[in-house]
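Chain V is already provided as a structure; the job is to place chain Z on it using the hints.
Going down the list, the sequences are from chains V and Z.
For the first sequence, this note's numbering gives the first residue as 1, with consecutive numbering after it.
For the second sequence, this note's numbering gives the first residue as 102, with consecutive numbering after it.
Hint data in this document are derived by calculation from the structure and do not stem from the laboratory.
Note that the coordinates shown come from a computational prediction; the quantities given were computed from them, not determined experimentally.
There could be a bad hint or two in this list.
Said to hold, decoys possible - Which stretches of chain Z does chain V cover? Using the computed rule of at least three CB atoms under 8 Å from a CB of chain V, they are:
hint, stretch
1, 139 to 149
2, 160 to 168
As the list claims (entries may be wrong) - Not close to chain Z: a few residues of chain V, all C-beta gaps over 10 Å, as computed:
hint, residue
3, VAL96
4, ASN97
5, SER98
6, LEU99
Ideal Cβ positions, reconstructed from N, Cα and C, are used throughout, including at glycine.
Read off the chains here:
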Amino acid sequence: MPLDLEYYLVLSALLFTIGVIGVLIRRNAIIIFMCIELMLNAANLAFVAISRSLGQVEGQLFVFFVMAVAAAEVAIGLAIIVSVFKHRETINVDEVNSLKG
Amino acid sequence: MTAEMILFFIFGAVSLIGAIAVISFRHPIYSALSLIVTFFAQAGLFVLLGAHFVAAVQVIVYAGAIMVLFLFVIMLLNLGTLSAKSALTGKLKGVVVVLGVLLAIQGVYIAMTAGTGTALESAQASTETVTTYKIGELLFSKYLLPFEVTSLILLAALIGVIVLVKRESQTEN
Numbered sequence: 001m002p003l004d005l006e007y008y009l010v011l012s013a014l015l016f017t018i019g020v021i022g023v024l025i026r027r028n029a030i031i032i033f034m035c036i037e038l039m040l041n042a043a044n045l046a047f048v049a050i051s052r053s054l055g056q057v058e059g060q061l062f063v064f065f066v067m068a069v070a071a072a073e074v075a076i077g078l079a080i081i082v083s084v085f086k087h088r089e090t091i092n093v094d095e096v097n098s099l100k101g
Numbered sequence: 102m103t104a105e106m107i108l109f110f111i112f113g114a115v116s117l118i119g120a121i122a123v124i125s126f127r128h129p130i131y132s133a134l135s136l137i138v139t140f141f142a143q144a145g146l147f148v149l150l151g152a153h154f155v156a157a158v159q160v161i162v163y164a165g166a167i168m169v170l171f172l173f174v175i176m177l178l179n180l181g182t183l184s185a186k187s188a189l190t191g192k193l194k195g196v197v198v199v200l201g202v203l204l205a206i207q208g209v210y211i212a213m214t215a216g217t218g219t220a221l222e223s224a225q226a227s228t229e230t231v232t233t234y235k236i237g238e239l240l241f242s243k244y245l246l247p248f249e250v251t252s253l254i255l256l257a258a259l260i261g262v263i264v265l266v267k268r269e270s271q272t273e274n
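Chain V with its partners taken away, still in its complex shape:
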């Protein structure tokens, strides 16, 4: 008898909310990126749990697509962070506000 879907979905929601809270309260760009990874992982957990609940393979396939997108996003994002740090000597997102209108 497998565990109910609700347990996994609640855990996924909790992890996602922790990620959102981290993005909101932390000002370090690298930690904000880690929190985005946390949210993507929470979504992956929901994908796999629902995939098993419905007896379909598609959910696991989309986890791979999410992982590929996450890898691309991390590579680009960290390159941007490095270049911002070279220009501004900080990665505090509150201090990087040149684009502010």
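Frame of chain V, contents of chain Z only:
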């Protein structure tokens, strides 16, 4: 209590503690290491769900490649002294409280309506594991186009990173 339930609570607790540690440590290195703990616990959850291949990829890609990238950048920038001022600002504290309350309401609602026969619950939960063979078969037949588009995304990321770094070295000259 079945074995799956016990393991679920162990892995779930570890991943939650790791996630909270990610957002509460001051130094990014500690956050990155906590995130690796969370990823490993999630790989355990994937094994519980019968998704063995996803669990392996989770460990190899996330805990391996992506986190090494993070650690490289943290050490490259040498951020130890810079991250000290990350205080909770007043406006955002309210948002955090509202989010927490919403999540609590959600959890209570789910706990109260559990077992009342929703559409998802009536679906037959399968215990069999999804083999790598099945995933590969589907990936290279029905989902071939998304798979190829994914390779384009990775190519775009590759070119983007090279352009970013190249422009940087030109301005230095």
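Hints and how they fare:
| no. | hint | result |
| --- | --- | --- |
| 1 | 139 to 149 | holds (count 6) |
| 2 | 160 to 168 | holds (count 4) |
| 3 | VAL96 | 12 Å, holds |
| 4 | ASN97 | 14 Å, holds |
| 5 | SER98 | 16 Å, holds |
| 6 | LEU99 | 17 Å, holds |
This entry satisfies every hint, going by the numbered hints stated previously.
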